[in-house]
Structures are given as C-alpha cells and as structure tokens.
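As you go down the protein sequences, you meet chains A and B in turn.
Mind the numbering: the first sequence is residues 654 to 897 in the numbering used here, read in order.
Mind the numbering: the second sequence is residues 67 to 283 in the numbering used here, read in order.
Derived by calculation from the structure, the hints in this document are not laboratory data.
Keep in mind that a hint or two might mislead.
To be clear about the criterion: a stretch of chain B counts as covered by chain A if any three or more of its residues have a C-beta under 8 Å from a C-beta of chain A, and this derived list gives those stretches [stated by the list, open to error]:
no., region
1, 84-93
2, 163-177
3, 180-187
In silico lysine-lysine, BS3-like type, Cα no more than 30 Å apart, as pairs [unchecked claim]:
no., chain 1, residue 1, chain 2, residue 2
4, A, Lys767, A, Lys790
5, A, Lys767, A, Lys807
6, B, Lys213, B, Lys250
7, B, Lys250, A, Lys790
8, B, Lys250, B, Lys69
9, B, Lys186, A, Lys807
Don't be surprised by glycine CBs; every beta carbon is placed ideally from N, CA and C.
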Amino acid sequence: MNTISANSLLWEEHLPGGNHWSGRLRRGTALRLTDLQGGANVSALFFNAEQPLERYNMPDTLKSQHTAFLTAGFVCQSDMGRVLCSITADSLGWHDTWCGVSDAAMVLAQYGEKRYQEHRNAMHRNGRDGLLIELAKWGLGVRDLVPGVNFFSKVVPDADGALSHVPGHSVAGSHVDLRFEMDTLVVLCSAPHPLDARPDYAPADVRLSATLAAPVAADDACRLQCPQNGRAFINTERYCGVAA
Amino acid sequence: MSKLLESTLNPAHAVLDQTCLAGDPWMATVRAGQTLRILDLEGNQAVDTLFYSADDAAERYSAADTIARNGQLYLGLGSRLYSNTGRVMLSIVADTCGRHDTLGGACSSESNTVRYALDKRPMHSCRDSFMHALCHCHEAGVLGMGKRDIAPNINFFMNVPVTPEGQLSFADGISGAGKYVELKAAMDVVVLISNCPQLNNPCNGYNPTPIRLLVWN
Numbered sequence: 654m655n656t657i658s659a660n661s662l663l664w665e666e667h668l669p670g671g672n673h674w675s676g677r678l679r680r681g682t683a684l685r686l687t688d689l690q691g692g693a694n695v696s697a698l699f700f701n702a703e704q705p706l707e708r709y710n711m712p713d714t715l716k717s718q719h720t721a722f723l724t725a726g727f728v729c730q731s732d733m734g735r736v737l738c739s740i741t742a743d744s745l746g747w748h749d750t751w752c753g754v755s756d757a758a759m760v761l762a763q764y765g766e767k768r769y770q771e772h773r774n775a776m777h778r779n780g781r782d783g784l785l786i787e788l789a790k791w792g793l794g795v796r797d798l799v800p801g802v803n804f805f806s807k808v809v810p811d812a813d814g815a816l817s818h819v820p821g822h823s824v825a826g827s828h829v830d831l832r833f834e835m836d837t838l839v840v841l842c843s844a845p846h847p848l849d850a851r852p853d854y855a856p857a858d859v860r861l862s863a864t865l866a867a868p869v870a871a872d873d874a875c876r877l878q879c880p881q882n883g884r885a886f887i888n889t890e891r892y893c894g895v896a897a
Numbered sequence: 067m068s069k070l071l072e073s074t075l076n077p078a079h080a081v082l083d084q085t086c087l088a089g090d091p092w093m094a095t096v097r098a099g100q101t102l103r104i105l106d107l108e109g110n111q112a113v114d115t116l117f118y119s120a121d122d123a124a125e126r127y128s129a130a131d132t133i134a135r136n137g138q139l140y141l142g143l144g145s146r147l148y149s150n151t152g153r154v155m156l157s158i159v160a161d162t163c164g165r166h167d168t169l170g171g172a173c174s175s176e177s178n179t180v181r182y183a184l185d186k187r188p189m190h191s192c193r194d195s196f197m198h199a200l201c202h203c204h205e206a207g208v209l210g211m212g213k214r215d216i217a218p219n220i221n222f223f224m225n226v227p228v229t230p231e232g233q234l235s236f237a238d239g240i241s242g243a244g245k246y247v248e249l250k251a252a253m254d255v256v257v258l259i260s261n262c263p264q265l266n267n268p269c270n271g272y273n274p275t276p277i278r279l280l281v282w283n
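Bound conformation, chain B alone (with noise of 0.2 Å):
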C-alpha cells in the first residue's frame, strides 16, 4: 500500500466542479499546471480513465510504460503516469485510497459474455460509455478519436493484487466515500473516463455511484 497524502486544495477555489453519474462517461482537457481531483462520492466506485495528449491523441497513456518505468504494478502517490512515447503526462500528487490499479482494463459486452456469460452482452459497460465518448464529445471529435485509440486504461480506486506467483484477483475495493485521488498534469491532457457501470463483479461493490470531478489552476 502506497501512502497516503490529503491534498490542501479548496474545492471553492476549483475552476471546474462536476458530478459525473454511474455508467456516464466524461470527457475534458486538463492544461500542464493544472490539478485534476477524482472523488469516489460514495464509495467503492471504479473510475476507468485514460489521457491523451490534448496536441495528439496517438500519444497517449501507456499502461505498459506507466509499470515498465516506474518499476511497480500498482498505482499511488508518487507514480508517474507515462504516455507511449515515455513523456510524463501527470504524476500522482494527492491520495487518501493508497492503491489504483492499471492491469484490469475496462469492461465491455464482449468481455462479459466471456467473463460471466454470453447472455450478459446487452449490459451496459465501460468500453460501450468509451464508444459513445468517442461519437459525442467535442474533444474526440477535435483529435479524431477512434477506437483504435482506446487502449488499457487505469481503474483507480480499484484493487487488482498480483500474487508472486502470479495470480491475480479481483479483491474487494479499498476505496470508501470521500476518497480521492489528485494528478498534476505535466503536459496538456485530455481526459477520458468511464464511471464504470459493471455489476458482475465487486469493483463497485455491486452498485455503482457518481464520482465528482474537480480541477485547479
């Protein structure tokens, strides 16, 4: 478990405060400088997330570099979070949940009728809010975003533990309400989340809820 840091940032003093609902996506471009705080309202919520540069979308957040270059499987205060080109895209700055995830990627129809059972593709799934992201907000529209542009992505508040041996479990989240976590952009960065809708499994303890999205100059 990483530490844990409370940030100082007033949320009266955000210049954006929005509330996003379980099983939406949210879209928006974080500038270099800017503090970017991602709250887990209720608890136990998921938040699949991926960066883009906001000049490129080809480059993006690289699960493989983010592991690779900071030498660690999971996510907390500290981490730098890389794009596929080895830049710094944002760097962990704030955390009271203490461990993120970057291996479980995001749900989708197809994943599910292989994960719980084929009748399961009508529900509704992170990869499926990515999609409608990538048809309806203005800044994948700007880059030209596709789905070759989604790859695996970072679920934070979401507990995936890797034994040594290898075997990796969906434990239950270690997140509660009020949890949060900030990042500090060093690069021009356009956000993408999905509030992930799964209710298969315990990443959102069987009921998803609404995170809160605030940013700082």
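Isolated chain A (complex conformation) (with noise of 0.2 Å):
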C-alpha cells in the first residue's frame, strides 16, 4: 500500500521540521505521515474529538498488546478501552512510544538559541511548546500534555533499561498510515527527539496525507492482532452506536 489513490485523498499539507499542526480526523478517514528528508520526528498526541478527557493512554496501549513500540498492526488505545486509530500500514517497524518531547531548554543546550527575531521562520522550536500551541488552541493546556508517540523515531534498551536512540532510523519517505476508529483531535510537532544526539538542528520535513479509509475488514490485521484488540473494537463500536 504505497500508493494513495487520488479518488481517496481528502487533503494533503506540508508539515516544515520543527513546526506544528493540529486537526480532526474524523472516524473512517485515515492519515499518512511521510518523512521527506530523512530523520524526522512527530510526536503526536490523540483526543477523543468531542471528549477531550478522553486520550491517547501510553500504558494502556502497550500492555494490552504486550509491545513497547508501535508498527502496523497495533493500534493506539484511549485510557478509556477503545481504539482511537489504528496503524494500517508502516515502513519502518519500530515507532517510540516513551520518551515525550524536547523543551526550549534542551533545544536550546543542544542547538543553541535561533530567535525569530534573527531568524524569522528559521528559528528554534522544541516539541513541548510545538504541543502547548496547538493545544491551546482546542482550550487544552499543560494538563493534557501527557506521553504520546513518537513517529519515526527509534530508542532501544539493553538488558538493564538504558536506552539509546537509534541514528538514521528514518529515511526519506518512511511513512506510516494511521486509520481513525473514532473522531479524533490529533496534534502533531515535528521538532527533534529528546534523545536525539545529533548536534545540528535539522528536523526533517513530513508531508500529511488524509485519505477516506476502507470499511473495517472482519479480518483486519488489527483487529485481530490479540484478543485484546478485538474487544478495544467491541469498546469504540459500542462508544459510535454501530454494529460490530
């Protein structure tokens, strides 16, 4: 599935590195996320659309499919058991799921400062504030600010827990396909990974593709990848008032 068809794409938008986006994706549509250059990060966080209580859930989503990264197949769970999208298709393999986001602190140690005022639209940004902006702007704040995904991006432990973030995991047109179960607020921040060692700031761009998804196939891969994820589903079609 490399391919969009042009029939089924809604919009397409052009995310720069470093910057932010926040938009509804609507139950029935899907989102492709395409690294253009190589080495991008989107850390990206899920609401339920008109319930904003309702949340992407770190934990929640890795125990009940026993993973502690992401790939086609999974799905990403709501800290109230049901599925807010799943990942239909994947390039990559491997998707950080613990690590949040960088802050003007840290960006600013790593990369030194790059103001607007010098540098215009070239400036620094960091992920925490990319998320605060676009959460403000659905009347979200710090409090909703919690561990989402980090797309793209590769951190490993060894035996004893130290993790290392993997170089060059991402390459130029890595994509993944997220396909929303319900409607979902998603916002997005394509500024570096907290780990990210790399001493120049260079945050890759992601082209965002919205699509109509195809109906949920009775033997959908992520439907039926544990028993767990099929009752997420029984959950979320109970939650949208449809048949299973």
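The two chains are supplied separately, each in an independent frame; assemble them into the complex guided by the hints.
Here is the structure:
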C-alpha cells in the first residue's frame, strides 16, 4: 500500500521540520505521515474530539498489546478502553512510545539559540511548546500533555534498561498510515526527538495526507492482532453506536 | 537490576506512619526535604503512585520526562523523578527492591475489559481509586484536581521488563515482605497512591495486601 489513489485523497499538507499542527480526523478517515528528507520525528497526541478528557494512553496501549513500540498491526488506545486509531501500514517497524518531547531548555542547550527576531521562521522550536500551542487552540493545555507517540524515532533499551536513540532510523520516504476509529483530535509536532544526539538542528519536513479509509473488514489485521484489540474495537463500536 | 541500599531512618522518629489497605487510595503532602518510605508489608504488591507540585497540580510527575532525562526505562536507586516541566520532584534515596516500573500505568475498569474480558468491568481498579481520591481527598479539592490530572504513573515494586526487541511483559514481582523504597522530596509534593486491587495478573501475586507509608523530616 505505497501509493494513495487520487479519488480517496481528502487533502494534503506540508509540515515543516520543527513545526506543529492540529486537526480533526473523523472515524473512517486515514492519515499518512511521510518523512520527506529522512530523520524526521513527529510527536503525536490523540484525543476523543467530542470529549478530550479521553485521550491516548501510553501504558494501556503498550500493556494490552504486549509491546513497547508501535508498528503496523497495533492500535493507539485511549484511557477508556477504545481505539482512537489503528496503524494499518508502516515502512519502518518501530515508533517510539516512551520518551515524550524536547523542551526549550533542551533545544537551547543542544543546538544553541536561534530566535525569531534574527532568524524568522528558521528559528529553533521545541516539542513541548509546539504541542502546547496546538493544544491551546482547542482549549486544552499542560494538563492534557501526556506521553504520546514519537513517529519515525527508535529508542532501544539494553538489558538493564539504559536507552539509546538509533540515528538514521527513518529515511526519506518512510511513511506510516493511521486509520481513525473514532472522531479524533490529532496534535502533532515535528521538533527533534529529546534523545536525538545530532548536534545540528535539522528536523525533517513531513507530508500529511488525509484519505477516506476502507471500512474495517472482519479480518482486519489490527483487529485480529490479539484478543485485546478485538475487545477494544467492540468498546469503540459501542461508543460510536455502530454494529460490530 | 539497580543497586540496593538500606535506609538509616528509624520508624520511631517518623512524623507520619500510616497503613493503606489493599485496594485503597492514599493522598498526602510531603514537603521539600522530607523523606517518604513506601513499604511492601506482605510482598508482591504494586503501588500505583503519582506526584504533583503542592503549589499547582498542573506540574506533575511525567513518566516520559523521567525516562528520557534519566536515559533509563526502569526506576531504581538514584533515579530522579521529573515533572512535566523538567524539574526534579523527588529522588530515590534508598531501595531494597531493586526495580520499579513506570511503563505499565494503572489498571482501570475500562482497560480491564480490553485486557481480560468485557465482563471484568465491575472489578475494582486503580483508576477508580484515583477518581475516588479526587472526589474526597482534601489536597485534590484544594488544587482543583480532576481526571485531566491523571497521567501515566509509577508502579513501585512492579516488574515490567522490556527486551531489546521491544517486547513487554508483566513478570512476577521481585518484591517481598518488608521491602521498601524511599524518596526524598526536592519540592513540596502531593502524593496520590492507589494500592493496586488488580486480581487478573501476577502484579500483586493475585492477593493484594496492605502497604505502610512513613514520612521523616
């Protein structure tokens, strides 16, 4: 599933490296994230669009699927036992779920100061402030800033749990497809990953491509990934008032 | 496994010494410089714990900041517990268990329907205990706390190993009767605990038991 057919495409948008975006993806639509230059990081938060007290929950997502990372076949679960979105395709095989986002102090310490005053839109931006700016547009704020997904980034533990960021994990053209199972508020920031040791500030640009999704088939790979996912889909269908 | 270090603090000199029964919440303020001990009285008990700035609950324990800033998935002796603004809230200054979890989160009636069976919803859960505490505890009322403030927590005494290939499992507890962890507060913090009632997995050895909480100046 490498190409998007013209008749399913709803819209496309360019997210420059370091920037931030938010929007609503309805149940039955999909969003492809494409790393345009390689080395992208997209920090993502997901909320129930009609009741944002319900939101992506990292522990619930990981423990019900017995995984510490995300890739095709896994779903992003809310804290209410439902599926916000399913990962239906992925060219990478690992997206980080643990590390959260960079903040202003970290970006300043690692990359030095680049303010708008001197550098205009080439200024340095950080993950925390990018997400907070977008959250604020929906009446949300720091209380809603939970651990999200860092798409395109890979961080691995050794046997004792010491973490290392894998450089060069995502190459130009890498992409991941999210199919929305609920009306979802999506909040994104493409600032560098907090453990990326690269000394220069060069976060890659990302293309967002929204499409109409095919209906979830009875033999859907995400639904059948494990019995836990099957029950999370049932909870979601009950909430949405549709038959299983 | 982290190093172990016993405490020199004497329970007879504690300014607070309380027992939290299995399945109960507990909430209290610990001041900067004070030390909190969480003691697993009978062994194999997961203690789901959150920390908030006593001045503003919007500043709270952040699992992601703690993992990224320590460069470490597990908590143990010497771990710093970071807030969502990057400040150190507490540090682990004594530990006789060796490893604590911050990936596994807290059980809820909703997550129980997913993890075990749809009909497990009525079973008591940590997040129901958190909701109860938010509705009843003095500190939660003063700080205006609600469900928005419940973020991924620490599970003291729980063992959730991750392989280098990224597989996550819930292993048998490595705690035993009398094991404890001690945290020294770097700021005034509100502590919110659910003494986990989960009966569907081995995190409490299928037998939730009481814990003891002590604070020293």
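The hints, checked one at a time:
no. : hint                   : in the structure
1   : 84-93                  : violated (count 0)
2   : 163-177                : holds (count 7)
3   : 180-187                : holds (count 4)
4   : A/Lys767 with A/Lys790 : holds (25 Å)
5   : A/Lys767 with A/Lys807 : holds (27 Å)
6   : B/Lys213 with B/Lys250 : holds (27 Å)
7   : B/Lys250 with A/Lys790 : violated (38 Å)
8   : B/Lys250 with B/Lys69  : holds (17 Å)
9   : B/Lys186 with A/Lys807 : violated (35 Å)
Comparing the model with each earlier hint shows violations of hints 1, 7 and 9; every other hint is respected.
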